[in-house]
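Listed below, chain by chain, are the residues.
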Amino acid sequence: MKYIKIIGRRFLLVSRMNKCIGTMHRVPTTKFLGICVQKGLIFLWISVYFCGLFLGCSSKSPYQFEPQVVVFSLLIAGYSNSIVKLERSLRIDKKLPEEGLGINDAEIVVSTSEDTIEYAPIEDKSGFFSPLDSLMVCPLETYHLKILVPDEDEIYSETIVPDTFRIVQPRRGDTLYKREYPPLMIWTKSQDAVSYFIDISSSIDTTHFSVNIGGADTVFPILSFFLGDTGKYVIRVAAIDKNYSDYLGEGSGPRERNNPREENTSCIQGGIGVFGSCAVESVQVYVK
Amino acid sequence: MASIRRTYFDQLLKNTKFSFPYYFYDGMGKVSLDLTAKSNLAVAGLFGEDVFNYTIKEDDEDVGDLDMRWGNRGLSVKWLQYLTPKLHGEVLFALSNFHTDMNLTFLKSTSDFRDEVIDYTVKGDFSYVLAPKHTLDFGFDAKNITFDFEVKMDTLTILNEVDTARIRTFYLQDKWELNPLCFLQIGIRPTYFTPGSHFRWDPRLGLKYRVATNTTINASFGFYSQFLTTVGNGEELLNLFDIWLSPGEDYAPGLSKHYILGMEQWISNNFNFTIEGYYKTFEYLLQLKEKGTFDEDAFYVGSGYATGLDFLFKKTAGKFSGEVSYSLSLTKRTFDDEIFCPKYDQRHNMNLGFGMGLPWGLNMNLKWKVGTGSPYPGVIGTYYKTEHDFSGDSTYTKRVHITAPKDYYRYPVYHRADLDIRKAFNWKLLKCECFVGVMNIYNHENIFLYIWDIEKDPAERIAVTMFPIFPSVGFNIKF
Chain A
1 MKYIKIIGRR FLLVSRMNKC IGTMHRVPTT KFLGICVQKG LIFLWISVYF
51 CGLFLGCSSK SPYQFEPQVV VFSLLIAGYS NSIVKLERSL RIDKKLPEEG
101 LGINDAEIVV STSEDTIEYA PIEDKSGFFS PLDSLMVCPL ETYHLKILVP
151 DEDEIYSETI VPDTFRIVQP RRGDTLYKRE YPPLMIWTKS QDAVSYFIDI
201 SSSIDTTHFS VNIGGADTVF PILSFFLGDT GKYVIRVAAI DKNYSDYLGE
251 GSGPRERNNP REENTSCIQG GIGVFGSCAV ESVQVYVK
Chain B
1 MASIRRTYFD QLLKNTKFSF PYYFYDGMGK VSLDLTAKSN LAVAGLFGED
51 VFNYTIKEDD EDVGDLDMRW GNRGLSVKWL QYLTPKLHGE VLFALSNFHT
101 DMNLTFLKST SDFRDEVIDY TVKGDFSYVL APKHTLDFGF DAKNITFDFE
151 VKMDTLTILN EVDTARIRTF YLQDKWELNP LCFLQIGIRP TYFTPGSHFR
201 WDPRLGLKYR VATNTTINAS FGFYSQFLTT VGNGEELLNL FDIWLSPGED
251 YAPGLSKHYI LGMEQWISNN FNFTIEGYYK TFEYLLQLKE KGTFDEDAFY
301 VGSGYATGLD FLFKKTAGKF SGEVSYSLSL TKRTFDDEIF CPKYDQRHNM
351 NLGFGMGLPW GLNMNLKWKV GTGSPYPGVI GTYYKTEHDF SGDSTYTKRV
401 HITAPKDYYR YPVYHRADLD IRKAFNWKLL KCECFVGVMN IYNHENIFLY
451 IWDIEKDPAE RIAVTMFPIF PSVGFNIKF
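Chains as they are written, first to last, in this note's numbering: chain A, 1 to 288; chain B, 1 to 479.
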């Protein structure tokens, strides 16, 4: 009702302006303008008229938000306990439902050229699914994910698991000195990996640092910035596929995006999230 | 002539609980010398720097320091010479340095970002009078621009890229008053640019026709090339750290084609009205890929256009002066098949300016600006993003946002009024001016951005506003 009143006032204002403009034909334009300027009326009229236009530009109906299925699954080479997590997205101004956002009535299948493995919901973990048979993830194998959720289109994605690799430097048990020139982490290239993820965590305190280096480099400087107090540390390197690299690169804060362009490049057809894969190596070192 | 100035809010608030970690200073100087009756030499220099220094605290303890400085320095030598009664010209040697430095010290670790653009220019502009109402302008412009970008963490240099762009331009412009009613300006600006060996002709045409005693019509057309670009994804509202670079071998320099048609009407001696319509196309625009890396293929190459109508009423002399300008415009960009209005698209924009003299030699200026709010994507949804920690099967989640298309929403109408009262006077050999100003006099809360408090259920939108009412006083001295 308030909106209609605003529109009504603007319409009235515009129609009055039009009537005024209509009377301009009776006197020469230049003379008329001169009179208006002298009296300062034209400034006022133009201001008020355009204010109406300006205000009209800001109002727009809210975007029609459709909740989507959010998929998370990461296959790790050599591991067999790969889970799938399914949730729904939520309109920003809606309260979180008490039962959570997890989806539990989905049919999930992960397949290779030789095997097809079904998934079942995990009890007491809403939205989590685990394989019914052992699924040992093999390097360089292509995996296909199919999900059927009632009243939703079929969800599909696929990933090629990066090959295993080896950490060349530092070696297990090496001592890294923080005050020296930053020691380098070096590893061999992993086939089908588009990026590497580094994770450094202390065994004695909460120091934890992780970064997606966002490229195919196989060298990374371990800066003192990443390390905490003296003690044992575990450094992990994950060779990640394109799906997971893109997923990590989407952003981590309030500027997370989901415009049409990004949807086109998402690895999940019919939903959002990720079905990715990786190969992981780790080394334990001592930091001084 | 020389002048130096600095802001002192940081000093005034130094020992209070409101710290103001920003100041800027700048200065300029110029010496002009008549060598002969037909030649003049001018040397000019300028410098300016913005400084932002912020101490990062945690539980009242200093844990870090952010020091940002950006500004420019420049020096030029200009030599003007009348060679013959029909030919005169000037040659300019200029050096400028634009720099941005950011130093972050946090938990005993330091990070340094440095971006420097050094521009060496030699420029010549000549004018030859072919006939009393027919002049030929020609000249050259040779630039070497070095881009030096460095990132250091602790003692390690993460990135150090030095790149030099060379721009060689020659121009020819014919200015011809065909008859008392018609004035023609035709020119061409061939430019060669490396790296990448790009060549552009950049033709330009301008026509001014007097259709009545107090009415002229202007039309112009031209190609304009852009050889420098900044890195960005085109969406950030605040750029703390601008990185300038040349498009290099991989991308073509930006190109804009302008089509302009306008009319100027003198209503009386001190009052005129202009209207101008324009259509500008943009090609080879670069936008950083959000998922990309700094390797090859880091940018989307896009295009766009801007079109609009500008109106201006201006009263230039008399007891009162003032102007009213209004712009109706539309700007669109296309990147990777996505068409959208960029953040600087403003459909309506109006400025009112009013100036008058007051008693005791005071001058007052009042400005009011109103414009359509900028487009923004707006948060429409949320979900829990899960990530793996690669240590086994453990995962962690964070709540992230889903946004609408880039230009779906617009911020509310922006409007603001500023008042400024000045008094100029001479003291001995110094030219002095003191002023009192109030920015945003009616304290309107213009929206800078919206953020969402996701700790609350449901999430709550918080508006971050721009400057509130902001009084200022100042004193300028020129010597």
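Note that these hints are calculated values from the structure, not bench results. Please note: incorrect hints may appear among the correct ones.
Pairs of lysine to aspartate or glutamate, DMTMM-like flavour, derived with a Cα cap of 20 Å [as the list claims (entries may be wrong)]:
| no. | chain 1 | residue 1 | chain 2 | residue 2 |
| --- | --- | --- | --- | --- |
| 1 | A | K94 | B | E455 |
| 2 | A | K125 | A | E99 |
| 3 | A | K94 | B | D389 |
| 4 | B | K289 | A | D246 |
| 5 | A | K94 | B | D154 |
| 6 | A | K94 | B | D457 |
| 7 | A | K242 | B | D389 |
| 8 | B | K456 | A | E99 |
| 9 | B | K398 | A | D199 |
| 10 | A | K95 | B | D389 |
| 11 | B | K152 | A | D217 |
| 12 | A | K178 | B | D154 |
| 13 | B | K398 | A | D217 |
| 14 | A | K95 | B | E460 |
Label pairs and their calculated CB-CB ranges [stated by the list, open to error]:
| no. | chain 1 | residue 1 | chain 2 | residue 2 | range |
| --- | --- | --- | --- | --- | --- |
| 15 | B | T55 | A | G270 | 45 to 55 Å |
| 16 | B | T55 | A | E152 | 44 to 54 Å |
| 17 | A | D115 | B | D336 | 58 to 68 Å |
Keep in mind that this is a model prediction, so the values were computed, not measured. In this text, a Cβ means the ideal position worked out from N, Cα and C, and glycines have one as well.
For a quick check of understanding: which of the numbered hints are violated here, in increasing order? 3, 5, 10, 13 and 17
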